[in-house]
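So you can see what is in the structure, the chains are spelled out below.
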Amino acid sequence: MNSGTTAFVYVTVRVAATLALGAALGWFAGSVWAGISGAFALYLAWNLWQLRELWFWLQHRSVADPPDALGLWGDVVAQVVRLHRRKRFHKERLTRLFRELRRSTAAMPDGVVMLDPQGEIVWFNRKAGELLELSRRADVGLRIDNLVRHPDFVEYLHGGQYSLPVIVHIDTHAERHVAFQLISYGEDQRLLMLRDVTREVRLEQMRKDFVANASHELRSPLTVVAGYLETFGADPGLGELAAPIAEMRRQTDRMTRIIEDLLELSRFEVNDAPIKGAPIDVAGMAALLRKDVLARPTHPHQVELAIESSAGLLGDEAMVQSAFANLVDNAAKYTPPEGSMLIRWWTDAEGGHFSVRDTGPGIPSEHIPRLTERFYRVDPARSRDTGGSGLGLAIVKHALHRHGARLEIDSGEGRGSTFTCHFPHERVLERRVAATA
Amino acid sequence: METADLSHHISRRFNEDLERVRNKVLTMGGMVEQQLANAVTALIEGDSNLGAQVARDDFKVNGMEVSIDEECQKILATRAPAAGDLRVIVSIIKTITDLERIGDEGEKIGYIASRLATMERPADKYREIKHLGRIVAEMVHAALDAFARMDAEAALRVARQDRVVDEEYESIQRQCITFMMEDPRSIRRALDVMWIVRALERIGDHAKNICEYVYYMVYGKDVRHTKLEDVERDLRDRARGA
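Residue numbers (our numbering), protein chains in the order written: chain D, 4 to 440; chain F, 19 to 260.
Since no wrong hints were added, every one of them can be taken at face value.
Which residues of chain F face chain D? A few of them, derived with a C-beta cut under 8 Å, are: (1) Asn41; (2) Thr45; (3) Gly47; (4) Gly48; (5) Met49; (6) Gln52; (7) Ala155; (8) Glu156; (9) His159; (10) Asp163; (11) Arg167; (12) Asp169.
None of these hints come from the bench; they were simulated from the model.
Cβ coordinates follow ideal geometry from the N, Cα and C atoms, glycine included.
Bound-form chain F, shown alone (with noise of 0.2 Å):
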């Protein structure tokens, strides 16, 4: 009787910090949701204090990644935890790579805007850009709401978001090409607007890694290097297994 009394206070205090990392998680991400929003709005209202104040504020998101994995150390270490519990602290070790990775490209962001801010600005106002921000901001949205749900379905629906990002990546590489060679002038700044792109479609990879640790999280199946189209496959034989 006070055997099984002791596993199950166990058992609880080790759900408790699982929940506990969990949230973490999910805070840190509202930061890094937070920050992106700021660097492209700092980059959209040529606001070089809201640009410099990202780039500021990297370090915030650093230090929960740091102390996130130490927590998911120790959980490995003293709890030993096995099957689905394991998947989810191997999910969230991978996952906050990603989001400390989203901070940085944010805090890149934040930087170049705040130069940016000093120049002359485009005619469109960054409009392309706007577009591809806004997108991107779902996609990392959505992917940490799939994760909190724990929801794969939704997660494939984020990933599939990718291939948006990609296409709009390239029109506005080669409306810049354009800019270039039209009005040399404009190389410098049409480098910095490439450079934020770039960025951009870089969190919306890192978006969809998250997506893939949700999946392996639910379904213990490793979809990274997968295309998509058999993942949904897979999805839909599980369904009817289901």
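Next up, chain D with everything else stripped away, as it sits in the complex (with noise of 0.2 Å):
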């Protein structure tokens, strides 16, 4: 600003300068005016002159060393050197954040491709490259589900479901499992996240099937110790042994269960995909249920059925009925026999629910989120005693999430408990089904 100033002080000057020294040697040399011409015009040459220099050098930049211009002129040179150095200062340093930020995300372990909001790609990274087959050449701009086509995938795409990923398959070159997930971002924006899982799922199919085999190999021993502990109980000679006999088969008895337990709920971890299935009852079904409460040697006073629903619902009945046993199960265990209990079925706008109530001690809130891991006790000295194998709800839990169901456990100390099984709105069937059990 200053230096501006200044320079056009000089100009000022200059040209006052030119004027009196044309003036001059005009006067001298007899016409004033002429004298005045002839200096401007001089002046107007080396104005010319120095912008065809500048000009020049601008065109020429890159190569061309600035002109040594004198007053403006200089000042005008020295301005677009220094706006030139400042913009090339802010792109060196925009190129190498851009340089570090490209070269960070491709040596990210996952990978990211980036989505316009027509699932176009517009960007990946060597990860998502290296997993999908992509080339950077010619797949920009191509929709990412005409590439990545698995059933799987392009429902998750369309869906607008984004908050859990996706695991697909793909077996073509290389068998692998990859995990999808979409994120939005701006408008409209959608980035995906890829990663490579399939060491997990081989371990997880591998934690699966030693479960399976497991328990399986464990059932014949057991079997036949179990036979011989029933031969030893039957005689009637046994004296001391007689006691630890019987507790021997007790526990035989026990283990038998978690085993069959283990088998089932390893049945129903087969896979994840929801079922299909068939029509069930559940009206009919809940009534089995109740007469099998009352036919405990100890139940509790007062079992009531609230079948409020003519409803059915659409699934896998032997699971359905292990998860509804198991509650019911688990309920009447936990009541005492001066408690009563509520086995309930209702259908509203968000689907079918079915509900058991009892009287029981209740759970404090505390346990309440990990009731559902396998083996975990609330009070393991007393439930060891009521002869429960500790997988009960865990069956429960798998059983509804294959079902698109969930469970919630409503309960306190002191006030009982309500298991609620709450099924979605195409799970259940409107008109009444034949009973089939």
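Reconstruct the complex from the two isolated chains, following the hints.
Shown next as structure tokens:
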């Protein structure tokens, strides 16, 4: 600003000097006007020369040195150089930042694909290119679902439910399991994260296979032991051995039950695919479950049945039966003989609901989130007495999960418990289905 | 000004229609690929449920074919496409027919696999069929990739694979004949296996057909019933000309 003002002062001085010089020369030569015109013509020519120099330099800025200009022209050159330098500095900084960002995303162990609102590929990193066999040259601008065509992925992409990743089995060239997760950002922009979960899927499969095989293998020796114990127990002349043998029989019974439950759980776990299944008569099933409770040697004084809907369910009958039976069984076990139980089935706009309420001791709230874990015990000493396997609620959770349903537990110490299964709307069959059981 | 805007609008709508149909073809392709993979898995792992499911799900592929066909007809009737657009539509109509056939062959494999699952499995656990199934699945996958990328060179590479499939087919056939001569009790199973191998070989042919449509779509040259060498020469000439 200051230098600009000084430059303009110089220009004014120079113009005045030209005027004075021209006038003086003209006066000596005899014509003042001719002198002034001549001086200004020269001044103009000098300015045009400077302008040409500047223009030439701006054209070939990268190779030519800035012109040595005087006065205002010099200031203009200096200003241009300064602007240019500042721009280059910013550009370099941005380029460096961009390059580093790109390098860091390329080095990421997970794949990243940037998608535009139409699902077309905008950019992807090296890992994503490897996992999906994309080529940088040909595939930018193509729609991702045209190249990753697995029906599960296509459904996920268009489904709009991005909270959970979807795991897709890709078996061209190399066999892989890839977890896809979409993240929305900006306006309609989407980021697709990919992770190779082949190892995790294999380990999970191995674990499931192991549990199933181990339970299966344990069953045969246990049957032999239980058989002998039964024979011994029937012998009246046992004397002091009678009590230990009775205890051994109780424990083998419990082991058998645990193994049965483990096998059942691993059967439900075989895959995660939701099941279509067949119509189930919930009212009939609930009535049978109530009868089972009443047939127990000790049972709650009052077992009520509240069937508020004639609707049925769509699902796997064995699984649903197992889930409901476990809930009812638990309630019957924990409710004292003078207590009461309520089995309820109703439907509303959200879907179908099956609940079991008891007046048992209730569950302290800190245990509720972990109740469905395998072998989780609220009170270890007590629950072993009742002879549970510790797997009942895990089975319930799995069976419900396969039906897209969820389990709600409402309980508090001293006020009983209510276990409710919420089935989604699509699982509910409005008309009453014929009893199948 | 207004007419220009309108025509722009129409062509944009047309492009969207075309793009949507193309996407549907690839979605259908994805379903067919999955059906094929499941059918082969059902056989290899002796999973009768999976085999039955493949046979049951074929109706979805058929439904896709009918709906894409209808959309193509609508585009032909209302937009009267020309040149490249017309070629795209014609190729799509042909491609979905082949995809549907692949679906049918998959259904057949699934059906037979669910039956074979109940029988005794051979010592090699259908290793040869697994190998052939993998080659064929990769062919279908690569053919659809070429379709998505409009990549005629890749399509040609896939078409060349068909020879490998034919050779594998011959070799399994010979093997089956040997089994049948050695042990007449295995004839029933060997015949079923032959059906499956035959279906896989046919799928390879259909994948090759799709590749030929891709070539037609990109270059406008019909390469059906043409020797591959001639097509390759044609492609080289184009590359030199370009």
